[in-house]
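Based on the provided sequences and hints, a complete structural model is requested.
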Amino acid sequence: MKRRLSALAVLSVAAATVSLPAVARDNIQIAGSSTVLPFSSVVAENFGKTFAQFKSPVVGSGGSSGGLRQFCQGVGANTIDIANSSRRIKEDEVAACAKAGVTKILEVKIGYDGIVYASRRDSAKFAFEPRHIFLAAAKEVPQDGKMVANPYSRWSQIDSSLPDQEITLVIPGSNHGTREVYEEKTVIPGCETFAEVKAMTDKKAAHKFCNAIRTDGRVVEVAGDYTETLARLDSQKTAVGVFGLSFYNANRDRLHVATMSGVVPSEATIETGEYPVSRPLYFYIKDAHVGVIPGLIEYAQYHLSPQVSGPGSPLDKAGLIPLNTKERAEIAKSVKERQAVSFK
Amino acid sequence: MNTPNNKGYAGIEAKVKASLKRRQREETRFRLFGIGAVLVALALVASLFGTILSKGLPSFWQSTFVLDVHFDPEVVQIGPKPVLEAGEAPAQFNERDLAWQMELGFVDFNQLLINALTKHIPAAADSPRDAMALITSGEHFALRDRVVADPSIIGKTLRLNLLADANVDVWLKGNIDRSLPDDRQQLSAQTREWADKLSADGVIKNKFSTAIFLNPDSRSSLAAAGLAGAFMGSLMMMMIVILLAVPIGVASAIYLEEFAPKNWITDLIEVNINNLAAVPSIVFGLLGAAVFILWFKLPISAPIVGGLVLTLMTLPTVIIATRSTLKAIPPSIREAALGVGASKVQATMHHVLPLAIPGILTATIIGVAQALGETAPLLLIGMSAFVSSIPATPFDQSTALPVQIFLWQGNELRNFFEGRTSAAIIVLLALMLTLNSLAIWLRRRYETRW
Chain A
1 MKRRLSALAV LSVAAATVSL PAVARDNIQI AGSSTVLPFS SVVAENFGKT
51 FAQFKSPVVG SGGSSGGLRQ FCQGVGANTI DIANSSRRIK EDEVAACAKA
101 GVTKILEVKI GYDGIVYASR RDSAKFAFEP RHIFLAAAKE VPQDGKMVAN
151 PYSRWSQIDS SLPDQEITLV IPGSNHGTRE VYEEKTVIPG CETFAEVKAM
201 TDKKAAHKFC NAIRTDGRVV EVAGDYTETL ARLDSQKTAV GVFGLSFYNA
251 NRDRLHVATM SGVVPSEATI ETGEYPVSRP LYFYIKDAHV GVIPGLIEYA
301 QYHLSPQVSG PGSPLDKAGL IPLNTKERAE IAKSVKERQA VSFK
Chain B
1001 MNTPNNKGYA GIEAKVKASL KRRQREETRF RLFGIGAVLV ALALVASLFG
1051 TILSKGLPSF WQSTFVLDVH FDPEVVQIGP KPVLEAGEAP AQFNERDLAW
1101 QMELGFVDFN QLLINALTKH IPAAADSPRD AMALITSGEH FALRDRVVAD
1151 PSIIGKTLRL NLLADANVDV WLKGNIDRSL PDDRQQLSAQ TREWADKLSA
1201 DGVIKNKFST AIFLNPDSRS SLAAAGLAGA FMGSLMMMMI VILLAVPIGV
1251 ASAIYLEEFA PKNWITDLIE VNINNLAAVP SIVFGLLGAA VFILWFKLPI
1301 SAPIVGGLVL TLMTLPTVII ATRSTLKAIP PSIREAALGV GASKVQATMH
1351 HVLPLAIPGI LTATIIGVAQ ALGETAPLLL IGMSAFVSSI PATPFDQSTA
1401 LPVQIFLWQG NELRNFFEGR TSAAIIVLLA LMLTLNSLAI WLRRRYETRW
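Each protein sequence line maps, in turn, to chains A and B. Residue numbers for the first sequence follow the working numbering, beginning at 1 and rising by one. Residue numbers for the second sequence follow the working numbering, beginning at 1001 and rising by one.
Hints are all accurate, no fakes.
With a straight-line cut-off of 25 Å between C-alpha atoms, the simulated BS3-like cross-links for lysine-lysine are:
1) K1173/B - K317/A
2) K1297/B - K55/A
3) K55/A - K1081/B
4) K237/A - K1055/B
5) K109/A - K344/A
6) K1297/B - K104/A
7) K99/A - K1297/B
If you want the footprint, here are the derived chain B segments under chain A, 3+ residues with CB under 8 Å:
8) 1173–1187
9) 1216–1224
10) 1299–1305
11) 1375–1389
12) 1402–1416
Calculated directly from the structure, the hints in this document are not laboratory data. From the three backbone atoms N, C-alpha and C, an ideal C-beta is built for every residue, glycine too.
Structure, rendered in structure tokens:
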């Protein structure tokens, strides 16, 4: 009895701890940007349903940086094959990837997305200039040639055209690619309208100054997705939130969208480039997995086909702003030839 | 307290009387506080359940089309389905079969739906965009799957239940303000008008939705998003937890309680087990990601890893509860067994363990129920991914019920998914309540009082 019992104990412990052989994976694993996730998921689902020979890819979240970090963990079935990103991969990320053995990365641009500023429907409407956003969010602002701690507590103090309402700005956390676009396309242009900033010779220091956010609670960083930003607005009537255009579109009944430099954000104004706060969306393929994990190149080609991401396609309906025909052809060519990402 | 002095007992009585009122007041106050606390707690629970039920229950009923769809051979132009010929290699047949399915993929099944809709709204053919916005977009795949399963339906007319688009459901249920202008609505004015007409004609009915139970998650066809994938993932993880945590936990508890010598090593083990039970679950997730995925190379997002992580989390609970059950069994049982010549193992296995089984079962069920509701560690091992298929084995990617709730609350179509999320919460709560009542029932049924 005792022997049987101890044998049983040894067995169950063994079952729990002994390494199981690595399992070959037959579906694509994707992770990354929560902005790209809805688009990617639609494509993944339809890809699995359209091609009987491939399983549906699995799409994880985690933010652009988080996804790329996971992507760069190494090569093998227990690492992801594709990283979604709402910004371009950086050179140091490519270097980090190479260090872990991910030496060749394919870049696929899938379309564009706008970033909008929106407030609650029962609250005031805004017409912003990039300068307003900088002044509302900055830690220090230039005043008469000197940098002083941000004195503004109401929008109307920044500009008399803005509503007389407490400043609360809900922005994405630094794990999001959206944050970078928010900084590059609104904060920095707004900041550089000041002569004091223009006078700075060290561009890096100037950008650092522009992007420093105030810490008195008027700027709220959200690490989660846009629903969290929306929940923030639900609990605080006067808050202004940063959203993706597609998220705003799905919740038009609850939100007012703010204009930027007089342009109303829409798919049309982003496509023409009139609305400035937009960015391309990407995904990155681990070249070493092509041929090992079935369907990687096919997934990219399916993603790029006009029926999937062109005008009138499911992704267009989901809020992705399509690539133009020339761009689409160029990217499809680079995927077909498996060109590695380059920074020239 | 004062001792009786020369004033005599009358003095004490006066003192007691004087303090009596105060003490009675104190008691009343204490009771009121108690009742107040209970009432506040009840009100909070009631409002929680109230909001979840009022939001979630309507989601179990969904706007559904009842349409006669004609599988027009003009539209579904396809050769006969390949059959396995004598002497043909399976791989070759498979290739032909895939080619046939591929060809079927080019058939415009949406045309069948538009044709079916035209019978009820003649103008549908003129603005197919507005018409197709009525039916959830995944249904053309459902039509294709029907043809794949049974090509003989080509040429026939079938009465089918088709889910309406999520936005149509939102519109018909009044979950969006119907008075809003066009630019704030999700559907075009034409589509809204048609939805109202079809609903009035009884073509769109509010039917009990099986989609939520039978379908996996969906992003391209939001109205069809279901819990089946997450449910299977949770079920597999629960099985793994039961298969691993119960034998290991019970065996270690028996050894520690009945056989282990009492010395500083066993003391140390005991302290460690108690501490492990208090470790936040997210730490187990980090451990799981580092050990099971990076070291043992197990797949990401798979129930096998989730199950192992939850096993680690549940083990201390099972060990501690089993030990206290064993402790509660009177020593006289062991002594009697030993007294008639049983060995220590026999005394434990034949007499102590059977008496402890109800307690062990309760501990297991409570541990499993706790593991069922756990979300944080699963996020770290990649189980928060979007998975559009139902896992077949524990090595396939999957989500879990609580993670599905987390994912749905993040979906951008808030008007639809607020209800869907609450519906998922109801399903999870119902499962938890079932498990907990099972635990209570087992305890009542087999409980022995000494």
